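K.L.:
Chains as they are written, first to last, in my numbering: chain A, 1 to 371; chain B, 372 to 742; chain C, 743 to 1113; chain D, 1114 to 1484.
Since the hints were made in silico from the structure, they are not lab data.
Any given hint could be a false lead.
Residues from chain C shown here face chain A by an in silico Cβ test under 10 Å; the list is partial [what the hints assert, rightly or not]:
1. R1030
2. P1032
3. H1034
4. L1038
5. I1040
6. E1041
7. G1043
8. Q1045
9. H1046
10. P1056
Every value quoted in this text rests on a predicted model; they were computed, and no experiment measured them.
No residue lacks a Cβ here, since even glycine has one placed at the ideal position from N, Cα and C.
Number of protein chains: 4
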Amino acid sequence: MRPIRVGVIGTGFMGRAHALAYRAVSGIFPGLRPELEVVADIDEKAAAGACQQLGFRRYTSDWKVLVADPAVEIVSITTPNVFHREMTLAAVAAGKHVHCEKPIAPNARDARDMMEAAEAAGVVTQVGYNYIKNPLLGLAREMIANGELGEITGFRGIHAEDYMSNPEHPYSWRFDPSGGAGAIADLGSHIICMARFLLGPIEEVMADLETVVKTRPVRGSADRRPIEVDDIARLTVRFARGCRGSIEANWVATGRKMHLAFEVNGTKGTLVFNQERLNELHYYRAGRDPRHSGFLRIETGPQHHPYGLFCVAPGHQLGFNDLKTIEVADFLKAIDGGEPRGPDLREAYEIQKVIDTALVSSRERQWKVVS
Amino acid sequence: MRPIRVGVIGTGFMGRAHALAYRAVSGIFPGLRPELEVVADIDEKAAAGACQQLGFRRYTSDWKVLVADPAVEIVSITTPNVFHREMTLAAVAAGKHVHCEKPIAPNARDARDMMEAAEAAGVVTQVGYNYIKNPLLGLAREMIANGELGEITGFRGIHAEDYMSNPEHPYSWRFDPSGGAGAIADLGSHIICMARFLLGPIEEVMADLETVVKTRPVRGSADRRPIEVDDIARLTVRFARGCRGSIEANWVATGRKMHLAFEVNGTKGTLVFNQERLNELHYYRAGRDPRHSGFLRIETGPQHHPYGLFCVAPGHQLGFNDLKTIEVADFLKAIDGGEPRGPDLREAYEIQKVIDTALVSSRERQWKVVS
Amino acid sequence: MRPIRVGVIGTGFMGRAHALAYRAVSGIFPGLRPELEVVADIDEKAAAGACQQLGFRRYTSDWKVLVADPAVEIVSITTPNVFHREMTLAAVAAGKHVHCEKPIAPNARDARDMMEAAEAAGVVTQVGYNYIKNPLLGLAREMIANGELGEITGFRGIHAEDYMSNPEHPYSWRFDPSGGAGAIADLGSHIICMARFLLGPIEEVMADLETVVKTRPVRGSADRRPIEVDDIARLTVRFARGCRGSIEANWVATGRKMHLAFEVNGTKGTLVFNQERLNELHYYRAGRDPRHSGFLRIETGPQHHPYGLFCVAPGHQLGFNDLKTIEVADFLKAIDGGEPRGPDLREAYEIQKVIDTALVSSRERQWKVVS
Amino acid sequence: MRPIRVGVIGTGFMGRAHALAYRAVSGIFPGLRPELEVVADIDEKAAAGACQQLGFRRYTSDWKVLVADPAVEIVSITTPNVFHREMTLAAVAAGKHVHCEKPIAPNARDARDMMEAAEAAGVVTQVGYNYIKNPLLGLAREMIANGELGEITGFRGIHAEDYMSNPEHPYSWRFDPSGGAGAIADLGSHIICMARFLLGPIEEVMADLETVVKTRPVRGSADRRPIEVDDIARLTVRFARGCRGSIEANWVATGRKMHLAFEVNGTKGTLVFNQERLNELHYYRAGRDPRHSGFLRIETGPQHHPYGLFCVAPGHQLGFNDLKTIEVADFLKAIDGGEPRGPDLREAYEIQKVIDTALVSSRERQWKVVS
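Bound-form chain A, shown alone (with noise of 0.2 Å):
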């Protein structure tokens, strides 16, 4: 492959999650090539740390001079949500790729807009779903596509964290309404995209979602601001497949650091997966010897792809930060001519519109069509 430069938005948890990703892959991957060119900061002193120590070319604290680079052939955006539209859109006016966190927009108005200029401008997109880039999960899909489990009969996911479970966590970006919700945008995305990655579309909603905290404190100051996001999200759902699940997300979970879980169903077979041991997938096969009824625990290694890559034993273990590497991966190849394996822009939207579809559930109190 070519060299590929990339230049990254922002410097933060996820800008470095990219950044050591993009690093990462081209020792991991053979063949890959990407080169660290620019990044961005609006905090200039954030962007040239950041330069030096992630290795990149260049930095700026100005995005648009990113955008505008021509050396740049993949924006990568990790800035609040509130910014990854107008991002998106000008990467792609600019003839870029575009790598974009989740969610990738406020609601899916924004979200089909930045689709449909990506596909209109031909460029290769990816967003930041990196969990279902797991070994495991790409076994779990395979298993269903396959049969191994029988006709699919449920599915319960969900994702919780504690983050937010601290009434005195003070008011940041996170619960501005114009962001688009809370708990059900930033985690709920993970677990809808786990159900479509594993089931395919989700075509009805039913949703409650909950405002727990009621006022945050604003930082450095006596007053408190009420929220309007949602802390819990639950929901009912109806595969277009046939079959229905549950779904929850959830940021005031105390205790749960990474509880992005779900159980499938079938009527051969069942499988249980967890990211707090993302290492593992359990597997419940009908129809064994009855002596030995029970889940079996298995645990990644070579034979699961592309684990191999990073260690050629078994049991040694991924780490979250080999997840976006993966991720990386899969998008370069899709520069490269490979097969997008997603999750695309497209993709992003279709969920942002189950997303949406359980806003207006939830307000109006019913069942509602995802479309």
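Here the structure of chain A is known, so what remains is to put chains B, C and D in place on it, guided by the hints.
P.N.:
For chains B, C and D alone, kept in the frame of chain A given last:
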């Protein structure tokens, strides 16, 4: 305590479980003295066999004889649900204390009749929601009541098993719609009971009930019979105390044998329980030394009353039948003038109202107040 | 089966456990009919209380009266170990079947005397190694015997608890060196029994016994008494079948309440068990589809006899007292002419020889043949 | 930090792991600047391929060229163990800092030569005992050192995998007795390192080494070659601090992929760790509220340095390659004048002495002092 004579109607799974519990309880709990007097089963051979093995004094194939027996003080009803109403009313009319298996009735109206008759007669009643008799459930309830979890922010409960997951499992009385419902009645009632035990009344429900296996073979025939009752029920609920939650009942969850589980989140802590490991309760307490952030796996021991009556040493573990023994002990103590600990027919009626409300909610596809 | 009358000596933890098991067994196992005849305790009030609560017909403060009682057919011995020899010999001399708690004697010589006397008298004996009565242990043994694990290559066993971990735990009869040994006798005997149950005789031992807490307070005194018996025993062993292993006994393992666990490796598979989760057995089978490589968590169910006699549904779980009930059932069946399933006094003698050998090995700091 | 140029000898599992770590470290740890200069492999094509993919500047098939290269400041040695001595001595003679994989030598004499040469030359050395770089291991060590477990009463450690469990696994250099030993060298060295890291020096050993698979097929031949090295090693050990323990190394443990685990008991608490779930540490603290008695499952987070450099959010989890990155960071900081954190060649020599002592102990079947 004076001897209290027991008549058990039914000799199946639960009939046997009741009898074993009445046999065991006097050895475990000081002062309790039930005596197995009569056993009834419509199948006289079954009645005779149970009589001999379980140590009853007499048997009958006519449950009315049992109810009318002046020696009998407690009538234990373990037949299919459809008979519970008639038997309970007869027993109450005869002035007997009633121990009835769950769910007590096909609908809340019948349940209310049963409850009102019992209350009017002043008899003590006990319903077989044995799982809440687990000492760890008592601990959980106490911790919540004490405020050790802070303000409760959410509940997620499930009771999933797989005994109906095979589409070739033949039609039986459990699928008879005149019995009221399917999984939500058979399993859902347990997790609804548990939710109420921990958090109090549920006041509003949005439910989605689903029949996954559309037809079942008729035993001894080539025909298949259409199924109307639910295989899976998914509820979103609002508790009177203010928090919300979700509840699932599922009898087609391939691989699950006893997945009766919950998570309760509060602002100060979280509890996680799974009947698959019934001697463990997982507890996260916010504000602990951050180096040691995590869930505590509490193991049952003598400090969790009444475990110590079964075994003086910790870690030895209770089994299912022991839970039934605790249920029976609570019942006998209430008959002997102690504080009733329930669940009684009133509680069972409240549970049944939630189920009925769920049925209506699912049919009408909207939120329904439990009334 | 004819009624078989039982006398129980001792009313402590195990006295009670025996009585509960004899009470329960006839309800669980068809055809068994033990009757609780006499209970003896040197503390007459304890004897009277146990008699009333547990349902014996008579009590006595003189165990010799119990042994001499012509109605008594089984003598159950649950006193401190130091009395087992005298009581067993007396019971055997009186032609009684003997159910003795473990360890049966302070040393192999005494154990042999007991065994020889019992065998000469032709009575049936049962020793309280209840943990091997778990249906999953039966499954494990059967799988090993069937060759399902291939050739066995190693064993690792442990029984660790923490009831002596507090250095201020007062001196008691368990520390009396005339009782033979400490943790290796009280706990080690269980895991040695389990090792032998699964893999057959141990023929050579290298042991290291250690007293961690050097002195213990004397109850009701300011003095401390030096401790001679072992708190921890670590053994390397060679089995007669050719494989080797390690065994640990530890009663100062802070936090461990019932860590009785093993792993058996074979060329074709592995089994892992932990009494902390006694209803689970973990099984790895080599050669499975590599995508699904991992350990299977087998859950107990009716397919694992005699679980189904306790409960017809899987996943409901047995508890500790249920294991004791199975032990009693095996004993009663053997008395009634069935195949003795042990462990009997001969097996207990074999276990004691391993313990004695370990003591010598540790003292002499060298390998010792079990002879 | 100034740039530090690295040469890596070997391109297999560990050669690649080293290179990936040197690539990643500057992105994760602020201020570190290694540069991949030369890679050597006796197979020139492998060297060329690794050079291109991993981003070295040059490659060579002659490791002596690498060692002599004046640009190279660090020599990383990842070849089969038998070459470590010669390469290390050459690198040290050339004034290079040495990063050597474990075990460093076939015996303690060679290890001592290496250590003495390095210390005389004043170079920094690092040995690839990467598992102790886990932040949770650092926490465990600190808790023990702080006295949070009280007085330590026992240790149980194991490193078991199954890569040699198939008797048809062909003969390779790992079975060559001139390499020193089998499982005890390859795996045992890790758990011995961990034991020393937590509890300090081991001063006496009683070992039993066993060759389970007596002959192995020779690749490309019908012959089988007898095996002399150990498949399983079982050690009883005494630590200089006074406590004792047991250690097992096992490369035929069917089903185990990364069972590197320990339990440390103290009078006030216990720690349990298993590399199979490397982001969890289980902690029991005596004296807690008895209602909440149990083990705490500590999950890694930013509070466990340097996890936060990889990811700012808790629960996201580190993987194997991240541990190697921490190892490299510690090494680079020491070269740059920081406090060496080891394990260095001196520590590796100490580990090797334990292994050598175990070999003698097993051969002579008696306790041996580590000297």
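K.L.:
Next, verify each hint and record whether it holds.
P.N.:
The hints, checked one at a time:
A hinted interface residue such as R1030 of chain C counts as satisfied when its beta carbon comes closer than 10 Å to some beta carbon of chain A; here the least separation is about 8 Å, so the hint holds. Taking 10 Å as the C-beta cut-off, the interface hint given for P1032 of chain C holds, the closest approach to chain A being about 4 Å. The beta carbon of H1034 of chain C comes within 5 Å of a beta carbon in chain A, closer than 10 Å, and the hint placing it at the interface holds. Taken as an interface hint, L1038 of chain C checks out: its beta carbon lies about 5 Å from the nearest beta carbon of chain A, inside 10 Å.
Satisfaction of the interface hint for I1040 of chain C is found here, the shortest Cβ-Cβ separation to chain A being roughly 4 Å, below the 10 Å cut-off. Against a cut-off of 10 Å between C-beta atoms, the interface hint on E1041 of chain C holds, since the closest Cβ of chain A lies about 5 Å away. Given hint, G1043 of chain C at the interface with chain A, holds; its Cβ is 6 Å from that chain's nearest Cβ, closer than 10 Å. Because the smallest distance between the Cβ of Q1045 of chain C and any Cβ of chain A comes to about 4 Å, under 10 Å, the interface hint for this residue holds.
A distance limit of 10 Å between C-beta atoms decides the matter here; for H1046 of chain C the minimum to chain A is near 7 Å, and the interface restraint holds. Hint status for P1056 of chain C: holds, given a least beta-carbon distance of 7 Å to chain A, under 10 Å.
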